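Student: Sequence:
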Amino acid sequence: MNPRVAVIGTGIMGAGMAERLLDQGFAVDVWDRTGGATARLAERGATAHAQPAEAIRVADVVLTMLPTGDAVSDVMLGQDGLAAMRPGGIWAQMGTIGVEATERLISEVANRQPDVDFVDAPVSGTREPARNGQLTIIGSGPDRARATLEPVFKALGQRVLWLGAAGLGMRLKLVLNTWLAFEIEAAAEASATAHRLGVPYSALLAAVQGGPLASGTALARLAKMESSDHSPQFPLEWGLKDLDLTAAATGPEAIPVATAIADRWRSLVREGYGRLDVSAARLGLTNDAGVTVAR
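In the working numbering, the protein residues as written are 1 to 295.
No lab work stands behind these hints, which were simulated from the structure alone.
Just so it is clear, the structure is predicted and the values come from calculations on it, not from any experiment.
It cannot be assumed that every hint is accurate.
[Said to hold, decoys possible] Lysine to any residue pairs mimicking SDA-like chemistry, simulated, CA-CA at most 20 angstroms apart:
hint: 1; residue 1: 224; residue 2: 247
hint: 2; residue 1: 224; residue 2: 250
hint: 3; residue 1: 224; residue 2: 274
hint: 4; residue 1: 154; residue 2: 182
hint: 5; residue 1: 154; residue 2: 2
hint: 6; residue 1: 224; residue 2: 213
hint: 7; residue 1: 224; residue 2: 257
hint: 8; residue 1: 154; residue 2: 134
hint: 9; residue 1: 224; residue 2: 255
hint: 10; residue 1: 154; residue 2: 3
hint: 11; residue 1: 154; residue 2: 180
hint: 12; residue 1: 154; residue 2: 24
hint: 13; residue 1: 224; residue 2: 237
hint: 14; residue 1: 154; residue 2: 144
hint: 15; residue 1: 154; residue 2: 124
hint: 16; residue 1: 154; residue 2: 268
hint: 17; residue 1: 224; residue 2: 12
hint: 18; residue 1: 224; residue 2: 192
hint: 19; residue 1: 224; residue 2: 275
hint: 20; residue 1: 224; residue 2: 143
hint: 21; residue 1: 224; residue 2: 180
hint: 22; residue 1: 154; residue 2: 143
hint: 23; residue 1: 224; residue 2: 198
hint: 24; residue 1: 224; residue 2: 248
hint: 25; residue 1: 154; residue 2: 183
hint: 26; residue 1: 224; residue 2: 254
hint: 27; residue 1: 224; residue 2: 268
hint: 28; residue 1: 224; residue 2: 128
hint: 29; residue 1: 154; residue 2: 60
hint: 30; residue 1: 224; residue 2: 286
hint: 31; residue 1: 224; residue 2: 208
hint: 32; residue 1: 224; residue 2: 204
hint: 33; residue 1: 154; residue 2: 274
hint: 34; residue 1: 224; residue 2: 251
hint: 35; residue 1: 154; residue 2: 260
hint: 36; residue 1: 154; residue 2: 27
hint: 37; residue 1: 224; residue 2: 183
hint: 38; residue 1: 224; residue 2: 203
hint: 39; residue 1: 224; residue 2: 209
hint: 40; residue 1: 224; residue 2: 194
Based on the provided sequences and hints, a complete structural model is requested.
Tutor: Here it is in structure tokens:
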């Protein structure tokens, strides 16, 4: 039988993951600070809870998909989520929260609930891969947790990497998201350069599509930039957060170009574009029209 799964945090990614698990026949309990998000999932068959500990108490596997380390600590430590876990339960922390917060949670679990297995398992992917089971899951943690997590991760991911001790997953995730920032900024600046030089988008696309210069991710963001479609799949403010987490873990001297990208994205976030997709990285490089921001 599949384990019963609690999804804590049902925003863009968490909701997609919960929907995927429901489609795959899992019993899913959900909690989010926003009741509307869990109500929609309840209509699909999830059990929504008013408090995170209520969802956690009945689950075999707890997935946290919250935006920051502080948010995870508040729910799992401050609101007694960890204390509500069953003996032998598994907590897979799947949001990108940085090295320091991950190490703190590893220590807290060992001290407070040593009979709970903490698995550091951030994911690579956006809303549609989460919804369609096409994430890359970067797992690290106790070997004994793998058998229980296998059907859950198989439902959510097209690839599952296991790296060893908890904490290695988050380190690799920061590397990948730094790389992602370069691809997004490259697409933004190439698009802006083509625009200013009068090169049609069709010509740019024909030159790079199917060749070695642009990844599928870069081309997808390039298309969103050209159509001024900044509906959020991976919000710009999350991309900035991840670059800041990398700088905090490595020191800014290790990532000078990524730090410059972060500074430019920070300016866009200050202007109110943080909740738009990272495709909004092109804003400010050209005279984009038709972009509205709810303030």
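Student: Honestly, which of those hints from before does the structure not fit?
Tutor: 1, 2, 4, 7, 9, 11, 16, 20, 24, 25, 26, 33, 34, 35
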